[in-house]
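**Student:** In case you want the letters, here they are:
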Amino acid sequence: MKAKDFYKFVAPSLIAMGTLLVFPLVMATWLGLNFMTYRNINNPVFVGLANYIEVLTDQRFWQAFRFTVLFIAITVPATIVIGFLLALFLDQISGHVRGVFITLYLLPMVIVPVVGTMMFRLLFVPSGIAAWLYQEILKQPFFFNEVSVKILIFLNAIWTTTPFPFIVMYAGLQTLPQEQIEAALMDGANRRQQVRYIVIPHLSSLLVFVGLILIMDAYRVFDSIFVLTQQNPIYKAASVMSYIFRIAMAVQQLGLANAMAILTVIMIMIVLIPLLVYTYHEQIEER
Amino acid sequence: MQKIKNPIALTLIYLVVITYALFSVAPVVWTTLQSLKTPRQAYSPTPLFIFDATFDNYRELWLNSVPKNPWLVGIILAGIIIGLVVIGFNANRIPGQNYIIYGGILVVSFLIMWMIPKFVNTAEFYKYFLNSVIVTLGTVAISLSIGCLAGYALARYSGIAGVLILVAALGFRALPSLALVLPYYWLGQVTGLYDTLALLIITLVAVNQPFTIWMLRSFFMNIPREIEDAAMVDGCNRVSAFFKVIIPIMWPGIVSTGLFSLLLAYSDFLLAKILTRSNWTLTVAISQFTGGEDPGQLTLAAAAAVSATIPIVIMILFFQKQLIKGLTSGAVKG
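From first to last, the protein sequence lines are chains A and B.
Under the working numbering, the final residue of the first sequence carries the number 287; numbering is consecutive throughout.
Under the working numbering, the final residue of the second sequence carries the number 621; numbering is consecutive throughout.
Don't take every hint at face value.
Claimed, not checked - Facing chain A, from chain B, some residues (calculated, C-beta under 10 Å):
hint, residue
1, Arg460
2, Tyr471
3, Trp473
4, Gln476
5, Ile603
What the hints contain is simulated information worked out from the structure, not anything from laboratory work.
This structure is a prediction, so every number in the text was calculated from the model and none was measured.
C-beta: ideal position from N, C-alpha, C; glycine also.
Build out the structure end to end from the sequences listed, making use of the hints.
**Tutor:** Structural data, given as structure tokens:
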């Protein structure tokens, strides 16, 4: 394809992304340098780096940041491990029932996150069946408190996210090199050794890819936290995104919120840049 | 891997697989049950599984008042829907291009949804549902049109600019969207577009564009270059070859991408929450319920959640193959 044709074809998409992705990001950086609330939205007051400094010294922001890191550290490995085990197990089950299980497993992922979280929450409200089971088994009522809300946030994330690593790895298992398995069988390798030396290496590139996506998605978790905490600070379960949302919408400090958003963008670069560099080299080689 | 033969191990595996399936569907099943109860039944001290089901919650959610002759309205609507479905399934036998027929069905269904409030006294919730439909369809249509052009070009062009665009797009896909939404809010306030569906559609198109072009590109890569080369030898130029030859082969890929684009637009909460005040979409309307520990609200909230999920469940039943293909092609970066 000639360069002239190329630009003709990509122009609409490039214009859309330029005006609504690149420009807003620059805009956010600039708005972050201003004092702005809903009252002076048309004439913000320039305050330099004051907002950025305020964010970096804000205890609550760091608390939200630590919670987000904890959220990533718990949910990402958990979903990958559970997804992997489910894929291995489902692979053992006879063909025609598999389809049914796959449909059931995919359901939590396609449900709208806000709605799914609300359904999940309905299990644990006083009239919910999970709350009832808790009461029956532990002989004490289930309450929403700092600890239980956090656990629910993690459980809910596992519920919604596991289908993704599951289906990717399940598809990966279907392309397992059969000769290697047969050779391993001849050499008397047991099942655990096969998983360790053939299956996991075969899936490892997928694992890295899935892991990076899961980390970046977990970093911007918002919907489920919004529903489960009701924006209530007593649970101390704000994520970075839900804290920024609160500063922007409830506290109405738009300048501060923009500065915060830009700083979180800079922080995710630690994970993002290696991925981008890798993709760049991959694409350069492929073309 | 070879199958496990040991019956105890196999039983254990089945047990795990079934338990996880129960965990997967439990919230949906429980919410559906709750939505069919009266508040009194929903708050029963031991959970009820067998009870007199009532559709009162759904009626209260969707209708301000029941039409005088509900059966007539129901039968007319059901007739139209069945008619459209029958036409859809027999599109191959009807003369004319398939996509014109599918497009026609889409337009007619949308017009019917639009007209319903004129005949039936629908509640606020219907308005939010219609908003969601408009936003979703608008986003998918625009995303796919501009995304197909870009995806095709990126699959065929080997210059460095193409690689840079792809890498930048991936970067934007991964960014926390709040960093973009707050400036949108500011833009909306300054331009007066705040609280309009148009603003929601263009911003959703932009936010979803990186993902759309990546996915479409990966499908275009699978189409051999020889096909359009042959068409170009036969006298097509690049543009007409694209529309006449490539797009008709690309349909499965476009459907797959459209499906994801649709899910993303329909699921959006953050943008709609920040960019609307009263012109809500379904997600924002439903999030209003979540505070409701108040007994009257709970069953209504459950009905709202189930109502928003039914379209998704129908879709996954029809399009599971495309969904899985999209998820596993490695094109879904996020």
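**Student:** Taking the hints in turn, state whether each one holds.
**Tutor:** Here's how the hints hold up against the structure:
no., hint, result
1, Arg460, "holds, 8 Å"
2, Tyr471, "holds, 6 Å"
3, Trp473, "holds, 6 Å"
4, Gln476, "holds, 5 Å"
5, Ile603, "holds, 5 Å"
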